[in-house]
Structures are given as structure tokens and as C-alpha cells.
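Put chain B on the given structure of chain A with help from the hints.
Residue numbers (the working numbering), protein chains in the order written: chain A, 1 to 613; chain B, 1001 to 1162.
One thing to keep in mind: the hints can contain errors.
Straight line, CA to CA, 30 Å or less: simulated DSBU-like cross-link-like pairs of lysine-lysine [as the list claims (entries may be wrong)]:
id: 1; chain 1: A; residue 1: LYS261; chain 2: B; residue 2: LYS1140
id: 2; chain 1: A; residue 1: LYS265; chain 2: B; residue 2: LYS1023
id: 3; chain 1: B; residue 1: LYS1081; chain 2: A; residue 2: LYS85
id: 4; chain 1: B; residue 1: LYS1022; chain 2: A; residue 2: LYS327
id: 5; chain 1: A; residue 1: LYS85; chain 2: A; residue 2: LYS42
id: 6; chain 1: B; residue 1: LYS1103; chain 2: A; residue 2: LYS608
id: 7; chain 1: B; residue 1: LYS1107; chain 2: A; residue 2: LYS467
id: 8; chain 1: A; residue 1: LYS405; chain 2: A; residue 2: LYS490
id: 9; chain 1: A; residue 1: LYS594; chain 2: B; residue 2: LYS1103
id: 10; chain 1: A; residue 1: LYS204; chain 2: B; residue 2: LYS1023
id: 11; chain 1: A; residue 1: LYS436; chain 2: A; residue 2: LYS486
id: 12; chain 1: A; residue 1: LYS268; chain 2: A; residue 2: LYS42
For the record, the hints were derived by calculation from the structure and aren't laboratory data.
Being a predicted model, the structure only gives us computed values, none of them experimental.
One-letter residues, chain by chain:
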Amino acid sequence: MDIKEEQRKAQELIKQQGLRVLVCAGTGCVANGSLGVIERFKELGADVSVLTDYDKMTIVPTGCHGFCEQGVLVIIPDKHVTYVKVRYKDVDEIYNTHIRNGQPVERLLYTDPKTGEHIHKNEEINFYAKQTRTALANCGHINAECIDEAIAVRGYEALYNVLKENNPDAVIETIEKSGLRGRGGGGFPTGRKWRFTAANRGGKSYIVCNGDEGDPGAFMDRSVMEGDPHKLLEGMAIAAFAIGADEGYIYVRAEYPLAIKRLRKAIKDAEERNFLGKNIMGSDFSLDIHIKEGAGAFVCGEETALIASIEGERGMPRPKPPFPANKGLFGRPTLINNVETLANVPVIILNGAEWFAKMGTETSKGTKTFALTGEVNNTGLIEVPMGTTLREIIFDIGGGIRGGKKFKAVQIGGPSGGCLTEEHLDLPMDYDSLIKAGAMVGSGGLVVMAENTCMVEVARFFMNFTKNESCGKCVPCREGTKNMLKILEKIVAGKGELSDLDLLEELAHTVKDGSLCGLGKTAPNPVLSTLKYFRDEYIAHIVDKKCPAGVCTAMKTIVIDETKCKGCTKCARTCPVGAIEGTVKQPHHINQDKCIKCEACLNNCPFKAITHK
Amino acid sequence: MAINTKINTSKLDEILCRYEYKKSNLIAILQAVQEEYRYLPEDALIYIGTKVEGLSPATVFGVATFYAQFSLEPKGKFEIKVCDGTACHVRGSMPVLNAIRNKLGIKEGQLTTDNGLFSLETVSCLGACGLAPVVVINGKVHPQMTSDAISIVLDTILKEEE
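Chain A with its partners taken away, still in its complex shape (with noise of 0.2 Å):
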């Protein structure tokens, strides 16, 4: 078999296919109906007739464009443009307008929102032109479920280079000089690792894909898993052949069930073509991969949970030593990979190490997916090299916040993260330069708050996430964040007092050296980065007892504006413990006694009279 000739015959089925039409059909756009939009498209296109510079047009389902908010995308590269929001009744006048007729919808174009001008290709939008995009590459360009499309953008051709010199050293000095790190969170150095498991070449060994992308607001994962599977069946190939392992597991969380099915079926595809299974492509090496369900448990993203749990164990983690390269899943040496560190693996060795390192920082080389949420205008998933600053990335890349309303911080790295604030907006981001801020890369959720947001409920939040995710195995772990977060519960409710803050300060230490995993080593990182950054906002909620925010609603009082006030009585009617008294066409006031916070006056106040105090 010659890759260079399945290449050429994949890329003149692609041109077979005439004007290719890609609609996302990633989990984001699915929910904002692109199912819909396809089906309506096909219907539309299943009349060639009419195509004037095309004998015909096909539609493509492709995985996540990244840019979610603006969803359904619908991209004609074709053509240059790219339309946004695009619903079901709007597709008949693209087809109409634009593909029979050749006038672009300007409706439907997307608005830069500081010119107000209408954007047509791709590459002009704000969103992607600053990115760099390497392992998100063929996300929302290809169709996720045919291998051909894989294979005509150079998918399996790092593989088949790598089998063809068959030299398993040679790919780990490789990933070695390339100065990848781990993605999926601690920074490790995958070389390092892939050299660490593969001194025990000879036996059975595994590879692992971790897939369980627990941090809540990281989803980049999922947007390889569901863009581009044959890439990161390639990455794990390549690992494998390295290491010497011949049977690999991805670990794919439950609630990614369109990620698993598109795994399942380039799976099943690349065995067909003999890109996985036995003597893959000719050669001695043999790799089977199957796929684990995760049935929803943060702890299992850490790699000891995570072997326990394909196990068919309870989700803990163990302690180390013996590390997985030694001593794995079922006893064996094991090498685990982060899904998009392994998306990254091809790359490198299409483009050679030189190549990756070159982007980057002195430490931290290559780029970086983030999910970039909260309060922020374009939200979505970016790839960036590392290095670049949060200014680049809230407010050129993301647009800034939302609303005009006024930055605040940006928790970063999920549960086990901290918070950066307006001091580090220009700090060039990478995993040392963020550990000395307090905080860290981590899977690369990124979300933005605003002045809306009250650092202390956020970091109950975590704390919340974290205590219901302990395993409960190490007694620092369970205890700790269970009083850590009944602290925080007392601050938020208004009873909290100053020695609180130093007794979380203890705890929080306490919870950190004695917890064997990850999981117990972080969790106190949102709150001593929000003692550190915002420690005025808890000293207001303990000794003013107010939130400056505006959150916590035990320190709120929802009252009636009486000049505003026409006594419609619509309040009264809403309040659900009748706490609002008054007479027809008087203003009314609310019983402070009585009423619960709970807002249904204030959201539906037709003359907006009712307001915090």
C-alpha cells in the first residue's frame, strides 16, 4: 500500500463531491437544530439541475467549528463565505441567493461587532484570525465520519512514515525534541513519558487515551473526538507502535455520546483499511482499540482512577509508585495520553520536531486548545500557541465582555485551577509562568466573570464540585473540602467570621499535602487564589455582610421602587410565599419577613420597579 495514492484517490473523491457545503454538526450546533439545516440543504441539492458551475453539491456534516455561540455555521469554502446562525428556514435562501445566483446573504454574514461590518471568509473573523490552529486543524473542515476526507488532508500518512522506517526510538526522540507536554493538565513531558514506558518494551503493555474531559467548561476533547477521530486514532497508533504496545482503550466520558459514536465508527473504518488491527499496513505492528464508557466521575480523569475504572473497579485512584509505565492497567506497563496531546502527536511528525518547538515559549512548546466561556462575547473553543496573553484571548479573540460590563478575573484550569485578574492580563500564558500566578494551564477552560460575579460563590462553587467528586479515599480529601465548603456556605449566608478565613487557610494546606491524587492536591486552589486576589470581596460578605457583586442572596434585599411603581399587581400575583402587599393601582412593598430572594417579582416587573438594595 502507498499512502501518497490512497491521498491522490481520497482527494478525487472529494472532488467528485462537486460544491461542498459544510454545515457543523458538532454537539453545540446539533442543539441550535444543524440536523435540520443538512436535511433541508440535501432536499434542496438533490436537483442538480439548476447548478450552474457544479454538476453537483454535497452536503458536509463536520465536527466542531469551535465557535458555538454563532452556531449553525455553515462554511462554502468554495464560495469564501461563511454564514452564522444559519436556522432551517434560512436555507433555502442560501441555496436560492447564493449558491444558484451567486449573491452572498449579507444577513447572515457575521458582524464584526466593534465596525459593524459584514465578514464573509473564515479567516477575517476576529475569532479565528488570531488562532493557530494544529490539532483542531481538520475540525469543522472534514467530515468526522468518512476516512476518505481523513485521508485526503494527509490523515495516517505520519503513520505510515513512522511504520515504514520502523525505528520506535527514532518517534520518541522525535516527540522528545519537539518539547510536547501533556495536555490533559499536569504538563508532563509526553517524550519523557513514552521513554519511561517503553524501557519495558518486550511484554503485553497498553496504550490509554484519556477522554475523560471532566473539567467543567473544557470541551476541546470532545471537539477532536467529534471533529477529527482518525487523527487521534493515528496519535494512538503512533504512541503504541513507539512504546511497543499492541491493544489500546480511549476512556470516553458518558455524556459525550456523539463523541463515542464517531469514535466507534472510525474505528471501524480504520480497521477496514487496515489502518488499525493486525500487521497494519503491511507491517509487523498490530494495534487493537477499544472504547470504555466513563459513567460519570470527575476522579476517573486522573490516570490511576481511570485504570481502575476501565478495570470495572470503583474510580480510585492509586497510589504511585508503581507508575502506569511500570505498572498499568491489568498489571501491565501502560502508557495514558490526553486526547489532545495525542491529537498532536501526527503533527509532529508530518511537520518535524523543529517545526512545533518553534511555537511557543521557552518551556512550553507548541499551541494550546482553550475553551473560552463566561462572560465573554464570542465564546468558543480556540487554539493558540502557547504563550500568547489573556488580553489576545478575552478581548481580540473572544471580543471582550459581555454586555460592556467590566472585567473581573478569569478562572482558568476548572476546579482544580485559580483565578487571574486584571494584573496578569498580559502575562504570556504557559503552564510555569501560570503555576507562579497560582494558577494553572489544566485542561484549558477558561471562563470570564465580570463584575457580576462574586469571587466567593464561585469558589464555593468549586468547592461544592469538588467535595460531590471526592472519592472519599484519602480522609484529608473527603473531610477537608466537606468543611471547606460548609465555610464557605457560612460566608455566603452571611454568617461567616474573619477567623474563618484563616482556618480555610488551613484546611485548604491540609487537604493539599495529604491527598494521594490530583483531585485532593488541587481542590483548595480556587479558594487560596480568590483569598489571594479578592480577599476584600469575602472580608465584605464577613464583616459588611454584603455582596459586592450582587450574588448571594441572603445578603440581598429585592425592594419596590415606589415611583415606578403602577400597582398592576402582577408582582403580587408572581411572589410564590405572597410577600408582596399593596392595593390595585398603589405601589406595592415587599414583607423583608416574608420573602425568599427567589426573584420572580423582579424578572417579570413589567415597569422594572422592583431592584436590589
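Chain B in isolation, oriented as in the chain A frame:
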């Protein structure tokens, strides 16, 4: 709390057979059982624990209670999952959750409505953060929810059920 669902052992055998009576497939077995019954009946757990080599009912129970996906009480015909991941939380998932509770009369800590029609849970992240806050009902993702929007969604379901 013991809810007695008649256990069809031939169905369980079929599931066990599909997963080769293997201990390492326990999670997949439990997922298949839950799909069948919409929860994990106690008798089924005991049956699996005695049939699969290397497992005991206690181990099976341990695994079933460890993972959030598994439920030992029946879920509703409509499974509502409110995402309370960070992105959804920041954009107001709690008011949406409260609106659902009020509308369906589900108290905090209660899983399923008395008529068995709805069950309500929060989940930590569905990976649809760009569309926050989201609510998933029987696998369908409802994006950018508000208290009013979810109310309309529920009304539609209620009307169809009448």
C-alpha cells in the same frame, strides 16, 4: 427504599453474555441494565454479583453507587439534566433549575416526580459550554435556557403527554 421491579433474568443473562461475563466489563453491564430498567434494581445487582466470576453483590453495589450515572431509584420518563458546569453556572443555571423545580413540584433532594414522568438532576458539564446554560431532556440539548424558555419547553412536553 426498595422498589421491586420484576427482574427478567433471561434479559440479564443476555446482557451478561454480550459482555462475556467479564469483571472488567462491569460498568458497561450496569449501563446496559440501567438502559433496560431506567435504574438499577437491587435484585439485578445481586444477580450480576453472583453470576460474574470475581464479583460479589457487595462489589457490584460499590461500583453502582460510585458513579453518578447510575441510579438505584427509577428515573422519570423524561430525564432532565441541568448543566451546572462553570460556564453554565456563571450564566445562570441556578434560576433555570429553580424554575424547573417550581414548575414540576420537585423538592431539593427529590429525583423523580410522583407521577414518574420527570426526573431532575444537575450534571457538572456537558461540553456545550458555548451555549450556556443548557438543559438536556432525554438526550436533546436545549441551548441558552432561561426560566421562561425552559417553562415553554416543559409546557410542550406536558401538553403532548396529556
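Can the restraint linking LYS204 of chain A and LYS1023 of chain B be considered satisfied, given a maximum Cα separation of 30 Å?
OK: LYS204 of chain A and LYS1023 of chain B at ~20 Å, within 30 Å.
Straight-line alpha-carbon gap LYS85 of chain A to LYS42 of chain A, limit 30 Å
Distance ~19 Å between LYS85 of chain A and LYS42 of chain A Cα, so the pair holds.
Holds or violated: LYS594 of chain A with LYS1103 of chain B, Cα cutoff 30 Å?
Within the cut-off at roughly 21 Å; holds.
Mind checking the alpha carbons of LYS1022 of chain B and LYS327 of chain A for me, to see if they're no more than 30 Å apart?
21 Å, holds
LYS261 of chain A and LYS1140 of chain B: Cα distance at most 30 Å?
16 Å, holds
If you draw a straight line from the CA of LYS1103 of chain B to the CA of LYS608 of chain A, is it 30 Å or shorter?
24 Å, holds
Are the Cα atoms of LYS268 of chain A and LYS42 of chain A separated by 30 Å or less?
26 Å, holds
Pair hint outcome, LYS1081 of chain B versus LYS85 of chain A [Cα-Cα no greater than 30 Å]:
At roughly 25 Å apart (the allowed maximum being 30 Å), LYS85 of chain A and LYS1081 of chain B satisfy the hint.
Would you check the hint for LYS436 of chain A and LYS486 of chain A, treating anything up to 30 Å between C-alpha atoms as holding?
29 Å, holds
Pairwise hint evaluation, LYS467 of chain A against LYS1107 of chain B, where the allowed Cα distance is 30 Å at most
22 Å, holds
Would you mind confirming whether the straight-line C-alpha gap from LYS405 of chain A to LYS490 of chain A stays at or under 30 Å?
Satisfied, since the Cα-Cα distance of roughly 29 Å is no more than 30 Å.
Starting from LYS265 of chain A, check that the Cα of LYS1023 of chain B is at most 30 Å away, please.
Holds: LYS265 of chain A and LYS1023 of chain B sit about 26 Å apart, inside 30 Å.
Hint check: no violations occur; every hint is consistent with the structure.
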